[in-house]
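Participant: Residue strings, one per chain:
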Amino acid sequence: MIELLTGLLSYTFVVRALIVGVLVSLCAALLGVSLVLKRYSMIGDGLSHVGFGALALAMALNLSPLEVAIPVVAVAAFVLLRISENSRIKGDAAIALISSSSLAIGVMIISYTSGMNADTSNYMFGSILAMSKSDVILSVAVSIVVIVLYVLFYNKIFAVTFDESFTRATGTNASRYNTLIALLTAMTIVVGMRMMGALLISSLIIFPALTSMRLFKTFKQVVISSAILSVICFVVGIVLSFIFSFPTGASVVVINLLMFSVFSAIGLFKKKR
Amino acid sequence: MKLISCEGVTIGYDGQRAVNKVSFDLEQGDYLCIVGENGSGKSTLVKGLLGLIKPQEGSITFNGIAPNEIGYLPQQTVIQRDFPASVGEVVISGCLNRRGLLPFYSRAEKDRAADKMKQLSITEIQKKSYRDLSGGQQQRVLLARALCATEKLLLLDEPVSGLDPVMTADLYQLVAELNQTRGITVLMVSHDLESALEYGNKILHMKTETAFFGSTADYLKTELCQRMMGAKL
Ligand SMILES: Nc1ncnc2c1ncn2[C@@H]1O[C@H](COP(=O)(O)OP(=O)(O)O)[C@@H](O)[C@H]1O
Ligand SMILES: [Mg+2]
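Protein sequence lines, in the order shown, are assigned to chains A and B. Note that my numbering gives residue 194 to position 194 of the first sequence, counting from 1, and the numbers run on in steps of one. Throughout, my numbering is defined as the position within the second sequence, counted from one, plus 1000.
Hints are computed from structural coordinates only; laboratory data are not their basis. Don't be surprised by glycine CBs; every beta carbon is placed ideally from N, CA and C. Treat the hints loosely; a few may be bogus.
[Claimed, not checked] For the chain B half of the interface with chain A, some residues (derived, Cβ under 10 Å), not all of them:
| no. | residue |
| --- | --- |
| 1 | Lys1054 |
| 2 | Leu1073 |
| 3 | Ala1085 |
| 4 | Arg1099 |
| 5 | Phe1104 |
| 6 | Ala1108 |
| 7 | Ser1134 |
| 8 | Gly1135 |
| 9 | Tyr1172 |
| 10 | Leu1174 |
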């Protein structure tokens, strides 16, 4: 086992994937707590599909994927947030529309330029081979920005998550912090998408928070537990994906699902007693 | 000194007027009770005052009080049943409006939150999860949070709904004390006319429009008040 791991770590692409993956898992887990509690999960899903469309477009135009996708998804985050703030019910439908349209356009672009092939599947379900050195540097930088901003604004993020009207009523600019949450989510999604896949990245955001909420009852505990769980699930998932050559995203999600079941079972057991 | 003056405030939802041309003013140290039937626009008016909904007409002027010096206890806090938050986390979040853009909480804010929790006798449960508390305890937590947010003006929207009689009396006592000893101006929406008359020095009776605004003593003389009392007996 140890041998296998040291063997893996001797490949640069593996090391790159691990560094980026751990950072992205951390970002996703932190933001996930607010997104789940604010019922913004749909936004995460929508953004990943917009991101997929943007990546496909960048590839077709021969541009750097991350540099195109980050601004596009940031704008989308802004728009989706406004839609879901303004009309709760129709908002869901509007997000679903934008999200599936972007996915469709992305698939069209890819099949027109390179044909549906292994590349497309990598984008949809994740691959760790996709990262160039400059991608890695950009990803690390973006992740660190996300984590630092999250920590600095942690109390504000708690307040707008717990009770937005009170926060607004008592003179804090709540929209500013909603926007911050959406933008940080956008960056996390773009950076994590290539490894996790456009279809699976949003589960990286949602799972750790939901899992932690089964057992923990204060915000801080949930945030910390999500962060730890997310990193552990990612590392275990990626090692499994090497050993059995599963797609990375899928194995990470399956490990997350497993942890969710374990935490739910413990939660139920605790409640019964 | 006039703390708040409202003139001809009209607020509506989708063209329906919920608050129609309401005018009143509030002096520092007042205890104003807003009464009226369900759906008469009380909560809407409070939200208008807080800037949560924009009035279509009229003006709301604050004197010597900034938006970040107001405390608020919502009628129903639409917090999800399973929200993970400890009592301490909720209470100190009321201090956020003193921080501006600065990150974290300083010693001063932590002390302030501890002080408010002590005042409301919730220090022992500060590590507990908010969602596991009884209705009365939750209301105390939210009041502590509101007190963290203000030294000047407290808006309470039906703070006793769902509380048992003992808790209700406690809460009224507490608010009256804050008003008298600390000079905090109170604006309370109340369903309970008797205690409104007992504690409030001014009454605003809403019927979408202003049915009455003035001192409690004057209100007692009106037919409106007599009818309300009669209906209760
Ligand atoms: N969010 C809303 N959307 C549409 N109509 C609303 C909304 N909130 C309140 N109303 C309507 O406005 C009127 C006043 O409501 P409200 O201010 O809550 O009254 P009160 O607090 O006195 O019971 C009611 O007719 C209510 O149906
Ligand atoms: Mg009301």
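Participant: Compare the structure with each hint and give your call.
Facilitator: Hint check:
1. Lys1054: Hint on Lys1054 of chain B: violated, closest Cβ of chain A at ~12 Å, above 10 Å.
2. Leu1073: holds, 9 Å
3. Ala1085: Status holds, d = 5 Å.
4. Arg1099: holds, 7 Å
5. Phe1104: holds, 7 Å
6. Ala1108: Violated - the Cβ of Ala1108 of chain B stays beyond 10 Å from chain A, reaching only about 14 Å at its closest.
7. Ser1134: violated, 16 Å
8. Gly1135: Where the cut-off is 10 Å and the nearest Cβ of chain A is about 16 Å from Gly1135 of chain B, the hint is violated.
9. Tyr1172: violated, 22 Å
10. Leu1174: Violated, about 19 Å.
This entry does not satisfy hints 1, 6, 7, 8, 9, 10, going by the numbered hints stated previously.
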